[in-house]
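Novice: Sequence:
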Amino acid sequence: MGTAASTPVVPARSISKRDPRRNVPREAPPSSHPSMSLDEKFDAFRINEDDDDDDDQADSSSSSKKPSATTTVTTRHIFPSPSSNISHIDTSNTQAYVLHILQDPKNRLGLSALSSHNPATILEKPATLIRDTQYFNVKIPFEGSPVTNQRSSGRCWIFAATNVFRVAIQQKYNIPRFELSQAYLFFWDKVEKANYFLESILDTVDGEDVDGRLVSALNASPVGDGGQWDMIVNLVDKYGIVPQTMYPDSWNAQNSAVMDRTLTTKLREDGLRLRALVSASASTTKIAEAKEKMMQDVVRILTLCLGPPPAVDQKFTWEFYDANNTFKSISLTPTEFANTTHVKRFISLVHDPRNEYNRLLTVDHLGNVWDGRPITYVNVEIGVLKHACVAMLQKGLPIFFGSDVGKQSDSRAGIMDTDLVDYELGFNIKLGLTKAERLLTGESAMTHAMVLTAVHLDEDNKPIRWRVENSWSETAGTNGYFVMSDKWLDQFVYQAVVDPSVLAKSVRDVLKQEAKVLPLWDPMGALA
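Count the sequence shown with our numbering and you get residues 3 to 530, in order.
Just so you know, these hints were derived from the structure itself, not from any lab.
All of these numbers come straight from a predicted model, not from anything done at the bench.
Glycine included, each C-beta is placed from N, C-alpha and C at the ideal position.
Heads up, some of the hints might be wrong.
[As the list claims (entries may be wrong)] Straight-line alpha carbon distances no greater than 30 Å define the calculated DSBU-like cross-link-like pairs of lysine-lysine that follow: (1) K432 x K489; (2) K409 x K141; (3) K240 x K174; (4) K507 x K141; (5) K295 x K330; (6) K127 x K141; (7) K489 x K127; (8) K240 x K397; (9) K489 x K464; (10) K127 x K409; (11) K174 x K397; (12) K240 x K293; (13) K507 x K346; (14) K288 x K317; (15) K268 x K288; (16) K108 x K432; (17) K432 x K409; (18) K127 x K432; (19) K507 x K464; (20) K432 x K464; (21) K268 x K174; (22) K295 x K240; (23) K141 x K432; (24) K514 x K240; (25) K141 x K108; (26) K240 x K346; (27) K464 x K127; (28) K346 x K174; (29) K330 x K346; (30) K346 x K397.
[Unchecked claim] FRET-style restraints, in silico, Cβ to Cβ: (31) G209 x W253: 38 to 46 Å; (32) Y323 x D213: 56 to 64 Å; (33) T264 x S117: 22 to 30 Å; (34) P143 x T337: 23 to 31 Å; (35) N430 x H90: 21 to 29 Å; (36) K397 x E271: 46 to 54 Å; (37) V314 x I124: 47 to 55 Å; (38) T123 x Q97: 40 to 48 Å; (39) F322 x N120: 23 to 31 Å; (40) V314 x T264: 23 to 31 Å.
With the hints as constraints, model all of the structure from the sequences given.
Specialist: Written as structure tokens, this is what we have:
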């Protein structure tokens, strides 16, 4: 995708009528140097295995130099010759190159270490592990407790959001330990996503083939566990929140794969049935009745797997002891209990260097509540996002954020740092993709949501490292908390949800724009 200035805005409801092979126009991503093409850039990264001069490299096939006794084939090519057909691998040359690799003692040492252990662990830099400490000079005064555990489910976004919400609740009621029910929001998210999927199928019958890109993307994950901030807004606004004691996790909430697979199979089948009804010119009433029965199946599966949730419009009685060991009893409806969240107030910032900054973005057919709040992002420069996060922490407010957690990270040590794993030391390679190039090639996207609770600033008030509350239990990181270097944030953090008070008016005004619509398969459509 190129800058929004060269791309016309497409209304969200009309994009499904276009050619399913469409894509948002793109221009070349920014490279490391303005004058370098991508090919030139990657040529500069390559490390030659031989010491021949440029002339020899340019004409290696006709060189009169004989190979040494220990080198029976040029180390530059694994094809018969640079001028021959390079469509196939030459087996003999490749085998000879393998032998050449093992002539280097460093590579033999690497073979012993890397073949029997996780390379990312073996190649970790001890200095980085020592440098990334859990000490911060800006920290919110109250962190939620206990550390949560999403277990074998993809509910990180729900955990991150409820971990943000509970801070105000714990402070209000003076509770040392408290969790909101993640399963409650999980139940209603599945119901809403199923309905959203079926409505999307009906919405795309005209103009979209069943094997077209949009319908295929919808079918890929009708009710996946992942989600986005605006989906949380929709759920909390409609269903409220409840304490975990009122609706604890079932086994399927903690191990969602089988339940998800059952729902996915059923919904894919139902989607085909709805398309068939429309193709057969069935009446609107008949289609609505069929869809209602489909949704009853969904609710039945969820109720039996997760348990019946508290009624949305009925008061529950919550009993607890406060920090002074004083008994308390409170009666509220789920929506009344949600009044402490102020969930609609917050703004979702993203850093997407493929697109124009100070631009409102949305994603076609991505959501949970049909006709609810759409997924919207304010795309800003990384400095704006970081400044807003620092200001939030200085106000004592935790921050929901989305990142690609698997890159240059160690969950055992709780470290996320671009200087963590030395791949060049181990494999003699350099990994030089920019953030924009990672997005363009599918190398990176938002995969996990967590919470920022602290930052360490240098003497110029610039961030050095950040404290991250995860949802992988106290056994991960330092008692459940991670350290994220500021350079890692630059490269692998894509989203931060902040209060509008920490943003300049020019950034807040971006919300008034008509959003640029990204296709469903765009990386910004990834669900944490």
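Novice: Would you mind marking each hint as holding or not holding in the structure?
Specialist: Hints, verified against the model:
Between K432 and K489, the direct Cα distance comes to roughly 17 Å. Compliance with the 30 Å bound is thereby established for this hinted pair. With a C-alpha separation of about 25 Å, the suggested pairing of K409 with K141 holds against the 30 Å cut-off. Between the alpha carbons of K240 and K174 the distance comes to roughly 23 Å, so the proposed pair stays at or under 30 Å and holds. Simply put, K507 and K141 have alpha-carbon atoms about 26 Å apart, close enough for the 30 Å limit, and the pair holds.
Restraint check for K295 and K330: not satisfied, since their Cα atoms lie roughly 43 Å apart, outside the 30 Å limit. For the hint pairing K127 with K141, the CA-to-CA distance comes to about 27 Å; that is within 30 Å, so the pair holds. For the hint linking K489 to K127, the alpha-carbon distance of about 16 Å falls within 30 Å, and the restraint holds. Note on K240 and K397: the hinted pairing holds, with a Cα-Cα distance of about 28 Å set against a maximum of 30 Å.
For the proposed pair K489 and K464, the alpha carbon gap of about 12 Å is at most 30 Å, so the pair holds. Between the alpha carbons of K127 and K409 the distance comes to roughly 15 Å, so the proposed pair stays at or under 30 Å and holds. Proximity of K174 to K397 is assessed by CA-CA distance (about 17 Å); at most 30 Å being required, the pair is judged to hold. For the suggested pair K240 and K293, the alpha carbons sit about 21 Å apart, so the restraint of at most 30 Å is met.
The hinted pair formed by K507 and K346 meets the criterion: a straight-line CA distance of about 18 Å does not exceed 30 Å. With a CA separation close to 37 Å, the supplied pair K288 and K317 exceeds the 30 Å bound. With a C-alpha separation of about 19 Å, the suggested pairing of K268 with K288 holds against the 30 Å cut-off. Of the supplied pair hints, the one linking K108 and K432 holds, its CA atoms being roughly 17 Å apart against a limit of 30 Å.
For the given pair, K432 sits about 15 Å from K409 by alpha-carbon distance, which is consistent with the 30 Å threshold. Distance check on the hinted pair: K127 and K432 sit about 16 Å apart at the alpha-carbon level, within 30 Å; holds. For the proposed pair K507 and K464, the alpha carbon gap of about 22 Å is at most 30 Å, so the pair holds. Our distance criterion of 30 Å between C-alpha atoms is met by K432 and K464, whose separation comes to about 28 Å.
This hinted pair does not check out: K268 and K174 have alpha carbons roughly 43 Å apart, beyond 30 Å. Between K295 and K240, the direct Cα distance comes to roughly 22 Å. Compliance with the 30 Å bound is thereby established for this hinted pair. With a C-alpha separation of about 36 Å, the suggested pairing of K141 with K432 is violated against the 30 Å cut-off. A C-alpha spacing of about 24 Å is found between K514 and K240, which places the hinted pair at or below 30 Å, so the restraint holds.
Simply put, K141 and K108 have alpha-carbon atoms about 44 Å apart, too far for the 30 Å limit, and the pair is violated. Among the hinted pairs, K240 with K346 is consistent with the structure: their alpha-carbon atoms are about 12 Å apart, no more than 30 Å. A threshold of 30 Å between alpha carbons decides the hint, and for K464 with K127 the separation of about 24 Å falls inside it, so the pair holds. With a CA separation close to 20 Å, the supplied pair K346 and K174 stays within the 30 Å bound.
Between the alpha carbons of K330 and K346 the distance comes to roughly 29 Å, so the proposed pair stays at or under 30 Å and holds. Between K346 and K397 the alpha-carbon distance is near 19 Å, which keeps this suggested pair within the 30 Å criterion. Look at G209 against W253: about 42 Å separates their beta carbons, and that is inside 38 to 46 Å. For the hinted restraint 56 to 64 Å between Y323 and D213, the CB-CB distance of approximately 58 Å keeps it satisfied.
Between T264 and S117 the C-beta distance comes to about 40 Å, which lies outside the given range of 22 to 30 Å. Separated by about 28 Å at the C-beta atoms, P143 and T337 satisfy the suggested range of 23 to 31 Å. The beta-carbon spacing between N430 and H90, approximately 25 Å, falls within the hinted interval of 21 to 29 Å. A hinted range of 46 to 54 Å for the beta carbons of K397 and E271 is consistent with their spacing of about 49 Å.
Judged by the Cβ atoms, the range 47 to 55 Å given for V314 and I124 holds: they are separated by roughly 52 Å. For the pair T123 and Q97, the beta carbons lie near 30 Å from each other, so the given range of 40 to 48 Å is not met. With their beta carbons about 43 Å apart, F322 and N120 fall outside the hinted range of 23 to 31 Å. Against the hinted window of 23 to 31 Å, the Cβ-Cβ separation of V314 and T264 comes to about 25 Å, which satisfies the hint.
Violated hints, in rising order: 5, 14, 21, 23, 25, 33, 38, 39; the structure is consistent with all others.
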